[in-house]
Amino acid sequence: MKKVLGMLAIGLLITSQLQAQENEITWYSFEEVIDKVEADPKMILIDVYTDWCGWCKKMDKDTFTDKDVIAYVNDNFYAVKLNAEDSKKKFNFRGKEYSEQGMARAMRVSSYPNFVIMDAAMENITQLPGYREAKPFVNSLVALLENFKH
1 MKKVLGMLAI
11 GLLITSQLQA
21 QENEITWYSF
31 EEVIDKVEAD
41 PKMILIDVYT
51 DWCGWCKKMD
61 KDTFTDKDVI
71 AYVNDNFYAV
81 KLNAEDSKKK
91 FNFRGKEYSE
101 QGMARAMRVS
111 SYPNFVIMDA
121 AMENITQLPG
131 YREAKPFVNS
141 LVALLENFKH
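If you're matching positions, the sequence shown starts at 1 in the UniProt record's numbering and goes up one per residue.
It is possible that part of the hints are untrue.
As the list claims (entries may be wrong) - Under the rule of at most 25 Å between Cα atoms (straight-line distance), these lysine to any residue pairs were calculated in the SDA-like manner:
no., residue 1, residue 2
1, K135, F148
2, K89, W52
3, K58, V109
4, K149, Q127
5, K58, S29
6, K81, V109
7, K88, S110
8, K149, A134
9, K42, G102
10, K96, T50
11, K61, Y28
12, K81, Q101
13, K89, M107
14, K135, Y72
15, K67, K135
16, K96, M43
17, K149, P41
18, K88, N124
19, K88, E31
20, K42, D75
21, K135, M43
22, K67, Y131
23, K81, P136
24, K149, M118
25, K81, S111
26, K89, W27
27, K58, D68
28, K88, D75
29, K89, S110
30, K89, F30
31, K81, N124
32, K61, L128
Stated by the list, open to error - With beta-carbon atoms standing in for the labels, derived distance ranges:
no., residue 1, residue 2, range
33, D62, E97, 29 to 37 Å
34, K88, A143, 17 to 25 Å
35, T65, G95, 34 to 42 Å
36, R105, G54, 19 to 27 Å
37, K88, D60, 18 to 26 Å
It should be emphasised that the hints constitute simulated quantities derived from the structure, not laboratory data. Every residue, glycine too, gets a C-beta built ideally from N, C-alpha and C.
Please work from the sequences and hints to get the whole structure.
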């Protein structure tokens, strides 16, 4: 009986983890994406935020919880959260050491929220500054990918 209950518990845990993956954007650190993009090339969506930014919090609460946004971002991008004021966490990119703050500056981000789009070669393509509701956010990402493919 204990084995059956144990198997059932494992099954429920796996099921809940799969549902969680479908119900939220999979966020990576910048350094994780450096490795992922080499193994499986994909565009990168970087959410540059600050802890004090009210519109950033609204994006997290409203836009990033929308099922269409979640599905589109997870299917088409590696999503990264980058705190524009974090100077402690360090990583290497193209032979240089950066903090998240330093990377945000290098990307020339000066307002929040701001979404930096990189191609699979990790070159900046564009920025999408400002708060966006779910449907317009997905529409802008779809248009961007369509333009990029041509």
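Status of the hints after comparison with the structure:
1. Proposed proximity of K135 and F148 is supported: the alpha carbons are some 20 Å apart, at most 25 Å.
2. At roughly 18 Å between alpha-carbon atoms, K89 and W52 fall within 25 Å of each other, so this suggested pair holds.
3. Distance restraint check for K58 and V109: the Cα-Cα separation of roughly 19 Å lies within the 25 Å cut-off, and the hinted pair is therefore satisfied.
4. About 17 Å separates the Cα atoms of K149 and Q127, which keeps this hinted pair within 25 Å; it holds.
5. Using a Cα cut-off of 25 Å, the hinted pair K58 and S29 holds, with the two alpha carbons roughly 21 Å apart.
6. Distance check on the hinted pair: K81 and V109 sit about 14 Å apart at the alpha-carbon level, within 25 Å; holds.
7. For the suggested pair K88 and S110, the alpha carbons sit about 19 Å apart, so the restraint of at most 25 Å is met.
8. Between K149 and A134 the CA atoms are separated by roughly 23 Å; this keeps the pair inside 25 Å, and the hint holds.
9. With a C-alpha separation of about 24 Å, the suggested pair K42 and G102 falls inside the 25 Å cut-off, and the hint holds.
10. In summary, the hint linking K96 to T50 is supported, as the alpha carbons are separated by about 23 Å, within the 25 Å threshold.
11. As the CA atoms of K61 and Y28 are separated by approximately 18 Å, the hinted pair is consistent with the 25 Å bound.
12. Distance restraint check for K81 and Q101: the Cα-Cα separation of roughly 12 Å lies within the 25 Å cut-off, and the hinted pair is therefore satisfied.
13. Distance restraint check for K89 and M107: the Cα-Cα separation of roughly 17 Å lies within the 25 Å cut-off, and the hinted pair is therefore satisfied.
14. Among the hinted pairs, K135 with Y72 is consistent with the structure: their alpha-carbon atoms are about 11 Å apart, no more than 25 Å.
15. Between the alpha carbons of K67 and K135 the distance comes to roughly 10 Å, so the proposed pair stays at or under 25 Å and holds.
16. Between K96 and M43, the direct Cα distance comes to roughly 22 Å. Compliance with the 25 Å bound is thereby established for this hinted pair.
17. For the hint pairing K149 with P41, the CA-to-CA distance comes to about 14 Å; that is within 25 Å, so the pair holds.
18. With a C-alpha separation of about 23 Å, the suggested pairing of K88 with N124 holds against the 25 Å cut-off.
19. Between K88 and E31 the CA atoms are separated by roughly 14 Å; this keeps the pair inside 25 Å, and the hint holds.
20. Taking the CA atoms of K42 and D75, the gap is about 9 Å. The hint holds against a cut of 25 Å.
21. Distance restraint check for K135 and M43: the Cα-Cα separation of roughly 20 Å lies within the 25 Å cut-off, and the hinted pair is therefore satisfied.
22. Simply put, K67 and Y131 have alpha-carbon atoms about 18 Å apart, close enough for the 25 Å limit, and the pair holds.
23. Taking the CA atoms of K81 and P136, the gap is about 20 Å. The hint holds against a cut of 25 Å.
24. Restraint check: the Cα-Cα separation between K149 and M118 comes to about 13 Å, which is no more than 25 Å; the hinted pair holds.
25. Note on K81 and S111: the hinted pairing holds, with a Cα-Cα distance of about 15 Å set against a maximum of 25 Å.
26. Annotation: proposed proximity of K89 to W27 holds, straight-line Cα distance about 16 Å (limit 25 Å).
27. A distance of roughly 17 Å separates the Cα atoms of K58 and D68; the hinted pair therefore holds under the 25 Å criterion.
28. Among the hinted pairs, K88 with D75 is inconsistent with the structure: their alpha-carbon atoms are about 31 Å apart, more than 25 Å.
29. With a C-alpha separation of about 20 Å, the suggested pairing of K89 with S110 holds against the 25 Å cut-off.
30. Proximity of K89 to F30 is assessed by CA-CA distance (about 11 Å); at most 25 Å being required, the pair is judged to hold.
31. At most 25 Å may separate the alpha-carbon atoms for a hinted pair to count; K81 and N124 meet this at roughly 16 Å.
32. A threshold of 25 Å between alpha carbons decides the hint, and for K61 with L128 the separation of about 18 Å falls inside it, so the pair holds.
33. A hinted range of 29 to 37 Å for the beta carbons of D62 and E97 is consistent with their spacing of about 35 Å.
34. For K88 and A143, the hinted distance range of 17 to 25 Å is not satisfied, since their beta carbons lie about 36 Å from each other.
35. Take T65 and G95: their Cβ atoms lie about 37 Å apart, and the range 34 to 42 Å holds.
36. The hinted window of 19 to 27 Å between R105 and G54 holds, with their beta carbons roughly 22 Å apart.
37. For the pair K88 and D60, the supplied restraint of 18 to 26 Å holds, since their beta-carbon distance comes to about 21 Å.
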